[in-house]
Amino acid sequence: MISIEDATGAIVALRICRYFPSDRFQQSQVAAILIEMVGSKDELDWLVHAQSKLDWQGPYQLRQLFASRFIPRDTLTEEEGERAYFEEQARETARKIEGWKREQKLLGEPPVRIDITPALNKLTRTEEGVRRQYRDKQVREYLERC
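The working numbering applies: residue 1 is where the sequence shown begins, and numbers increase by one.
The hints are simulated quantities; they were obtained by calculation from the structure and are not laboratory data.
Straight-line distance between alpha carbons at most 20 Å, and here's what the computed EDC-like set of lysine to aspartate or glutamate pairs gives:
#1 Lys41 x Glu88
#2 Lys53 x Glu43
#3 Lys41 x Glu5
#4 Lys53 x Asp42
#5 Lys41 x Asp74
With the sequences and hints as input, model every part of the structure.
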């Protein structure tokens, strides 16, 4: 995706084309079309260079020129858009994992783990819980005798 500054620079460069609109509103519409259509700065540079050799015939001709070499970003199918999104998310996740690995190396080995679960279980035993266990034990013994 290109930035607003990139699109504005392209509009300034496209003024060299004969019949290019001089009205600011029309130029802003062309900039909006560029932002939606063009995927990268390199694609935009190619498009401006190719269009500057031609007379301005409108946004339709600009889109045709762009589509002759690249796939317009705003015509991606839903499936392609989802694939691009998930690929970007995968790259971002891989980048984060690499960062976390570097941080872990800087931090060194993790400290020794101590399991305090048994101690917590002893501390959290309530009087009612002990009574319930005793009753359950008595019931089991009674059932076994019968």
